[in-house]
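S.K.: Listed below, chain by chain, are the residues.
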Amino acid sequence: MSHAHGLPHNFLPLSHLLPAGAAGLLAGLPEAVAEAPLCVPPDEPAVLLSDVREFGAAGSSYVFVVDVTAVFSLDGLSRDILRFLRPQQSAPAAATEGRQTAGAGYVLLKDIFSAFEAAHGRQEIGEALRELRSIRAVRFSGFAGEEWKTPQRHLPPAPFPQRSLVLNVANDCNLGCSYCFAAQGDYGTPKRMMQEETARSSVDFLLANSADQKNVTLVFFGGEPLMNLGLIRRVVAYAGEASAKVGKHVDFTMTTNATGLTTEVIDFLSVNRIGVSVSIDGPKEYNDLRRTYRNGMGSYDHVRPRILELLQRHKTRPVAARATLTHGITAVEECFWHLLEMGFHEVGFAPVTSSAQEDFALTSEELWTVLEAFRKLSDIYVERALKNEFFGFSNLSNLLGELHTGISKNYPCGAGLGLLGVGADGDLYLCHRFSESPAHRMGSVQEGLDVARQTDFLSRAHLSNKPNCNTCWVRHVCAGGCYHEANTHYGSLYHANAHYCEWIRSWIDLGLHAYARIMESNPDFFPQFIEKRGAV
Amino acid sequence: MKHVRPLNKKARNFEKQLAGKPAEGDPKESVSAMQGASMGCSLIFDPGWEVDSTGGVTGLCQPVEADLYGCADDCWWPAQVPDQLTSFPDWADKCAAAERDWKNLDLLNPDKP
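Line order of the protein sequences matches chains A and B. Just so it is clear: in the first sequence, position 8 is 9 by the numbering used here, and no numbers are missing. Just so it is clear: in the second sequence, position 92 is 105 by the numbering used here, and no numbers are missing.
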């Protein structure tokens with residue numbers, strides 16, 4: 002009856018709502034509904050396993066409580082009780098592991114006692130059960146007052162403070178990377194540069210809408226932002242003055258292809274503490290496959306000396322590399338080491354799983370190859386962390402940061418929430434990836450945020466509206482994945498990225514193991530290296 | 014806690030909350046961080062009101078005595094109820110449905126079983 006396990010624990014079978022003798026009405030209904038009594042609490046005291054993920058790392062046992070994204074270590078008895086509660090029918094098989102627990106059946110309390118009484122006293126068993134209940138790993142039933150109802154869906158408090166604006170300062174790019182989501186930098190619209198007035202309005206909008214946030218972030222994006230360097234210089238100066246007046250601080254970051262870097266530009270970036278993320282895919286043979294000029298010439302030889310100078314001269318902020326993984330590029334470790342040896346502080350990978358022209362997306366097989374490489378890099382990461390050294394693998398640092406805090410998400414990212422993209426004309430978009438897309442416009446920096454559209458977006462994009470997610474154990478970490486990828490793949494940004502669920506579960510599982518291993522042996526690693534580091 | 018030990022910050026906040034201490038960090042942030050989390054009375058069939066909007070009890074969706082159930086969970090109600098897990102497992106046996114059978118709940122005297 003494992004197909005019935007997908008039902009919520011408090012699901013009542015239809016038969017309970019029908020008058021006696023009407024059971025025949027159920028005849029034509031799907032089996033899952035007719036067999037649902039599995040999920041109805043028995044009359045006797047019983048225990049129900051909540052949605053949890055039990056895992057082992059370095060010889061110890063842990064539990065990840067799904068709804069609250071809390072991680073606990075378990076002693077032998079509490080681990081054995083959780084295993085005892087796991088229904089046999091849904092014992093984890095690799096393919097269904099993500100759905101193993103939701104809606105599982107009740108186990109009678111007396112059966113738990115008799116299973117463990119020989120080895121542990123009643124007192125101990127009761128204590129362990131109470132603790133498991135208090136961390137929401139199990140639920141009790143058959144006791145008065147323990148009926149549960151479905152958690153309410155809460156929208157974030159409105160107005161939600163703005164923390165970041167991504168300015169599309171140049172709707173143009175001097176490269177013509179074939180995989181670019183911005184259609185070679187111009188988002189399919191006429192090329193244009195953001196004007197100073199628009200940029201100033203953006204700064205004003207950010208400061209005015211950041212509520213009590215003391216620190217806000219302005220991201221220079223494009224196209225290629227350095228094509229509008231003059232504007233960036235003026236905005237940095239203006240934002241510094243405007244933020245000082247209201248007692249706030251503006252943090253600047255930029256994503257660049259590095260072609261426009263000169264000694265003078267680098268000094269400007271360094272003096273103004275502008276965080277730089279360089280788009281580069283690895284050594285020449287991989288980078289030049291898709292990161293080309295419009296005439297097809299590869300960009301590697303041109304950007305390499307500029308990047309080396311950047312890494313040498315820009316000393317006020319760590320510089321990160323961001324590599325895009327597309328079809329045919331799965332030599333992740335080779336790319337990683339190449340970029341780290343160039344001198345980047347961190348290297349992050351963005352696997353492309355959907356593209357308008359499908360030939361750029363990684364195939365499913367390639368994605369698994371990428372995961373194996375991530376696993377090897379993660380092992381090195383953990384080894385280094387245990388020696389209290391930082392290892393610049395951004396993807397894992399980001400994941401560890403989230404797991405360490407226990408962020409429980411109902412939305413995959415800050416898009417439309419604390420982060421918005423600003424088009425060259427000042428229009429606000431869900432995020433920078435949706436720049437110039439009228440369907441995803443949310444007002445403008447001049448007129449203000451279109452609150453009705455934002456509310457509509459937030460209520461539709463909420464995790465509770467993604468049926469693929471409601472039985473998945475990583476739902477509050479992943480929350481359905483990137484809106485832009487979903488929009489490309491399914492034609493709707495409200496769809497969960499179901500095409501890489503299995504992959505993302507494996508990746509988060511890997512992160513949980515790494516987290517437990519580091520946390521047990523060197524918990525000081527987190528305050529030193531992770532908590533102070535912003536996401537890259 | 015003896016059998017489980019918190020590892021991440023959220024888990025530590027859990028432990029603190031159970032011990033009645035404030036969570037880590039900005040109190041406002043901790044409130045929003047716990048939104049949607051399965052904690053507290055809001056998920057339990059127990060409104061916790063003592064009087065209705067008229068100041069009486071007739072408008073309550075369950076009898077005032079039902080407040081007793083608030084005590085059986087890790088909840089806000091500061092009163093003692095029998096320990097159903099180990100010492101008085103039968104305490105609520107005659108009370109299958111709170112709304113209907115609450116009169117069957119009886120007092121217990123630990124010294125006179």
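These aren't lab readings, by the way, just hints derived from the structure by calculation. Backbone N, C-alpha and C define an ideal beta-carbon position, used for all residues, glycine too. Incorrect hints may appear among the rest.
What the hints assert, rightly or not - Using 27 Å as the maximum straight-line C-alpha spacing, the simulated DSSO-like pairs for lysine-lysine come out as follows:
{"#": "1", "chain 1": "A", "residue 1": "K388", "chain 2": "A", "residue 2": "K316"}
{"#": "2", "chain 1": "A", "residue 1": "K215", "chain 2": "A", "residue 2": "K246"}
{"#": "3", "chain 1": "A", "residue 1": "K533", "chain 2": "A", "residue 2": "K410"}
{"#": "4", "chain 1": "B", "residue 1": "K116", "chain 2": "A", "residue 2": "K111"}
{"#": "5", "chain 1": "A", "residue 1": "K377", "chain 2": "A", "residue 2": "K388"}
{"#": "6", "chain 1": "A", "residue 1": "K111", "chain 2": "B", "residue 2": "K15"}
{"#": "7", "chain 1": "B", "residue 1": "K107", "chain 2": "A", "residue 2": "K111"}
{"#": "8", "chain 1": "A", "residue 1": "K410", "chain 2": "B", "residue 2": "K29"}
{"#": "9", "chain 1": "A", "residue 1": "K377", "chain 2": "A", "residue 2": "K533"}
{"#": "10", "chain 1": "A", "residue 1": "K316", "chain 2": "A", "residue 2": "K285"}
{"#": "11", "chain 1": "B", "residue 1": "K29", "chain 2": "A", "residue 2": "K533"}
{"#": "12", "chain 1": "B", "residue 1": "K29", "chain 2": "B", "residue 2": "K15"}
{"#": "13", "chain 1": "A", "residue 1": "K215", "chain 2": "A", "residue 2": "K249"}
{"#": "14", "chain 1": "A", "residue 1": "K316", "chain 2": "A", "residue 2": "K111"}
{"#": "15", "chain 1": "A", "residue 1": "K249", "chain 2": "A", "residue 2": "K316"}
Said to hold, decoys possible - Have a look at the derived ranges for each label pair, beta carbon to beta carbon:
{"#": "16", "chain 1": "B", "residue 1": "A32", "chain 2": "A", "residue 2": "D205", "range": "41 to 49 Å"}
{"#": "17", "chain 1": "A", "residue 1": "E532", "chain 2": "B", "residue 2": "A110", "range": "42 to 50 Å"}
{"#": "18", "chain 1": "A", "residue 1": "A351", "chain 2": "B", "residue 2": "D103", "range": "34 to 42 Å"}
{"#": "19", "chain 1": "B", "residue 1": "A110", "chain 2": "A", "residue 2": "G122", "range": "29 to 37 Å"}
{"#": "20", "chain 1": "B", "residue 1": "A110", "chain 2": "A", "residue 2": "P162", "range": "41 to 49 Å"}
{"#": "21", "chain 1": "A", "residue 1": "V247", "chain 2": "B", "residue 2": "A110", "range": "55 to 63 Å"}
{"#": "22", "chain 1": "B", "residue 1": "A32", "chain 2": "A", "residue 2": "N466", "range": "35 to 43 Å"}
Said to hold, decoys possible - Selected chain A positions facing chain B (Cβ under 7 Å, derived; list incomplete):
{"#": "23", "residue": "T70"}
{"#": "24", "residue": "F73"}
{"#": "25", "residue": "S74"}
{"#": "26", "residue": "D76"}
{"#": "27", "residue": "H121"}
{"#": "28", "residue": "R123"}
{"#": "29", "residue": "E132"}
{"#": "30", "residue": "I136"}
{"#": "31", "residue": "L341"}
{"#": "32", "residue": "H405"}
{"#": "33", "residue": "G407"}
{"#": "34", "residue": "M520"}
{"#": "35", "residue": "S522"}
{"#": "36", "residue": "N523"}
S.K.: Output the numbers, in ascending order, of every earlier hint that fails for this structure.
M.R.: Violated hints (numbers, rising): 14, 18, 27, 31, 35, 36; every other hint is consistent with the structure.
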